[in-house]
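The hints should help you fit chain B onto chain A, whose structure is shown.
Chains A and B supply the protein sequences, listed in that same order. Taking the working numbering, I'd label the letters of the first sequence as residues 1 to 297. Taking the working numbering, I'd label the letters of the second sequence as residues 1 to 413.
No lab work stands behind these hints, which were simulated from the structure alone. Please read all numbers here as calculations on a predicted model, not as lab measurements. Treat the hints loosely; a few may be bogus.
Calculated pairs, DMTMM-like style, for lysine to aspartate or glutamate (alpha carbon to alpha carbon, straight line, at most 25 angstroms) [stated by the list, open to error]:
#	chain 1	residue 1	chain 2	residue 2
1	B	K212	A	E131
2	B	K119	B	D186
3	B	K310	A	D124
4	B	K273	A	E131
5	B	K119	A	E268
6	B	K307	A	D124
In silico negatives: residues of chain A with every beta carbon more than 10 angstroms from chain B [as the list claims (entries may be wrong)]:
#	residue
7	I120
8	I154
9	V238
10	L241
11	L282
12	R293
Coverage of chain A stretches by chain B, computed from C-beta distances (three or more under 8 angstroms per stretch; other residues unrestricted) [as the list claims (entries may be wrong)]:
#	stretch
13	124-133
14	217-225
15	268-281
For glycine and all other residues, C-beta sits at the position ideal for the given N, C-alpha and C.
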Amino acid sequence: MDFLIFQAPILMVQASLDGILLGILFALIAYGMALQWGVMNIINIAQGDLVILGGYIAYSMYLAGIHPGWGVIVSPIIMYFVGWGLYKLVINKVVDRDLFISILATFGIAIVFQQLMNFIFGADVVVAQSEYGTTMLFDNSVTLPNSKIFSAFISLLYAVILVIYMKKSKLGRAIRATAQNARAAKILGVDTEKVYAATFGINAALCGVAGALIAITFTLHPYVGLPYTVRSFMIVIVAGLGNLPAVALSGMGLGVFEEFADYILGTEFRIGSVFMLLVLILVYRRFKLSRKREYLK
Amino acid sequence: MNKLTKLFITFLSAITLSLASISSSFAKVEGEYIVLGSAISLTGKYSSNGVHTQNGYNMAVERINKMGGVKVGGKSYKFEIIYYDDESNPKRAAQLAERLIKQDGVHYMLGPYSSGLTKAIAPVTEKYKIPMVEANGASRSLFTKGYKYLFAVLSPANQYLEVAIDLAVEKNGGKPVKIAQAFEQDAFSQDVRLGILDAAKRTGSKIIIDDKLPKELNDMAATLAKVKATKPDVLVVSGHTKGALTAIRQISEMKVDVPMLAMTHCDAAKLSKQHGKKSEYALCASQWHKNLSYKDKFFGSGKKYDKDFKKEFGYAPPYQSAESSAALLVFKDAFERANSFDRDKVRDALKTTEMQTFYGNIKFGPGGQNTAKPMILFQVRCKGDVCENKVVAPTKWASDKFFHPIPKWSERG
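Chain A on its own, in the form it takes in the complex (with noise of 0.2 angstroms):
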């Protein structure tokens, strides 16, 4: 145990900060999940693979010598058509399967983007600078990368936009009906098909835009992407589907609480304690439950 966080309570204040800049981040990947686990029923195992192809492809604009900043803009429109060739070439063939099967087959997607990018970009370690600078607090005692400002905000005008254009766009709304009811949005006219590809495709955009941010904030590397997907699947988890502020608040939360058990237990129980979290969730939850199947009865 260490109790340093109480003998300088400044470190709340950065623990709390560094939380949620990261729990938005990783939000905005969960939303991903979260949007076409509920469109579709699929569980995505490959989440954390195509945010890391987003973030290699900000990574080769910035060999290139374009700040990969753009990447936010870039990333997502080129991992749309991946997303939309993924679902065209693979998934529209497990979508309305068994869960079994779609977990088996992008787990399978997984690997081969695993071996795919190590294959084209090496399996070397890399990073994209940006050179954003730092903004200090509190006399200097507490500071902020930019780049993770810089993230968080990013992730937020993504999410801000894509709710406005599931609200007022006729594709959006072809999504939540489909969402709610695939064969009475069928019978309505509405070209399922065609909503499952655009939602593969906006999900491997929302991945694209992450994947830029973490090459500017974190480091890349063809297999460090299962910690992501395991991290959106328990911010999904917590929040529920279809249930945008509940995933972007989940997400801080699950930011600020690691931070605070990074501090207080130590950082080897750091992951851990999210998981006891997570445990602890939903056997409340299925308290819950149980208790309104009794009234039921």
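Then chain B, alone, in the frame of chain A:
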């Protein structure tokens, strides 16, 4: 069946046949060839270092064969290596070791890349009593299991950063220092940590932060915030290339001022290239550097090796290649001293190895680790925008003076 399919099938069976005949003809010594086996990571997450290892092996094989080969019983033999791709997967590596030994009849093995894979293979070679000279498994636990057929040309992991703590104490006027450390939770990094614990005990230094980073962690912000709050004299980080890159990125972004920063894997991470000036003053542990003054008759000096390697493979040799080349020199020396292909005689000869190679002196301790070669430390120094690794310790080979303390971020351009 159309013509094309027929042709294809003929072609396929021809390949299968020729492969089959090749594999059955392989044995420990075939004609004028001594056959060595190695499982190596050509794909998967270790593939870049796996290729460095393979290039090091190949370079040495070519050089030794060209310069007269290995003389045993008055006859000259050449080296040949059978490689299999272990996909960076320990289970696969162990399977391939079995296959090399049982199917291909290999009697002498070269190590794979990384401590983890060496750990997976060592029990297999031990079981079949196959001598293995390895060059890329530094974990201390490899040398405490009582393996009799395992020999490592490199210094064990716990020695990586011990020197750095001694250096910090020296700079502190011989007084104990405050140490902050963050290590990834894997065999190698934890061994480096044990070395630091020993050094701290020896010098009476105090460890004020001791973080164990999860493997999947990309973010050290919490650890660094603690470092900022507690102001240690030295910060030690080890977490492979990802750890090194993450540390420099976040130290520079969070403006963490610490007088001394010691790390591992700086050259594998191409730190000075990827992070440029931000990585300046970082102190890094390394097995080898081209400027060391060791010599042998095959590669000449480190500088010569560097030049020849660049010519052959088009990039500067990382220490992973140099140590791999050294492994072949050790094998050659042992075969000639044993003057026999008997596995146990070769093993006994390996045990009494005492030689100098361009890579360093080699003498094996009771556990199989190399006890004759010290680790070196280099520091990243920049001139303008170009950053380079300069050897600063031990003083015998130091090309530059160790710069201490690291200037504050507010004073750095």
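Practice item. Please count how many residues of the stretch 268-281 of chain A have a CB within 8 angstroms of a CB from chain B and say whether that reaches 3. Key: It holds: at least three residues are needed, and the stretch 268-281 of chain A offers 3 whose Cβ sits within less than 8 angstroms of chain B.
Review point. Do the alpha carbons of K119(B) and E268(A) lie within 25 angstroms of each other, as the hint requires?
Key: holds (24 angstroms)
Exercise for review: May I ask you to check that I154(A) keeps its beta-carbon over 10 angstroms from the closest beta-carbon of chain B?
Suggested key: holds (17 angstroms)
Review point. The stretch 124-133 of chain A covered by chain B? Criterion: 3 or more residues, Cβ-Cβ distance below 8 angstroms.
Key: Three-residue rule met by the stretch 124-133 of chain A, so holds; n is 5.
Point to revise | Exclusion check [V238(A) not at the chain B interface, CB over 10 angstroms] | key: At roughly 19 angstroms from the nearest Cβ of chain B, V238(A) sits farther out than 10 angstroms, so the non-interface label holds.
**Study point:** Beyond 10 angstroms from every chain B Cβ - status for L241(A)
**Key:** holds (25 angstroms)
Review point. Keeping to a limit of 25 angstroms between CA atoms, is the pair of K307(B) and D124(A) held or broken?
Key: Holds, at about 23 angstroms.
**Study point:** Minimum Cβ distance from L282(A) to chain B greater than 10 angstroms, as the annotation requires
**Key:** Its Cβ never comes within 10 angstroms of chain B, the nearest being 21 angstroms, so this holds.
Check your understanding: Taking 25 angstroms as the top limit, are the C-alpha atoms of K119(B) and D186(B) close enough?
Key -> holds (13 angstroms)
Point to revise | Satisfaction of hint between E131(A) and K273(B), Cα-Cα up to 25 angstroms | key: holds (15 angstroms)
Point to revise | Claimed coverage, the stretch 217-225 of chain A by chain B - three or more beta carbons nearer than 8 angstroms | key: holds (count 6)
Exercise for review: Could you check that no beta carbon of chain B comes within 10 angstroms of the beta carbon of R293(A)?
Suggested key: holds (37 angstroms)
Hint compliance for this structure: hint 1 is the single one not met.
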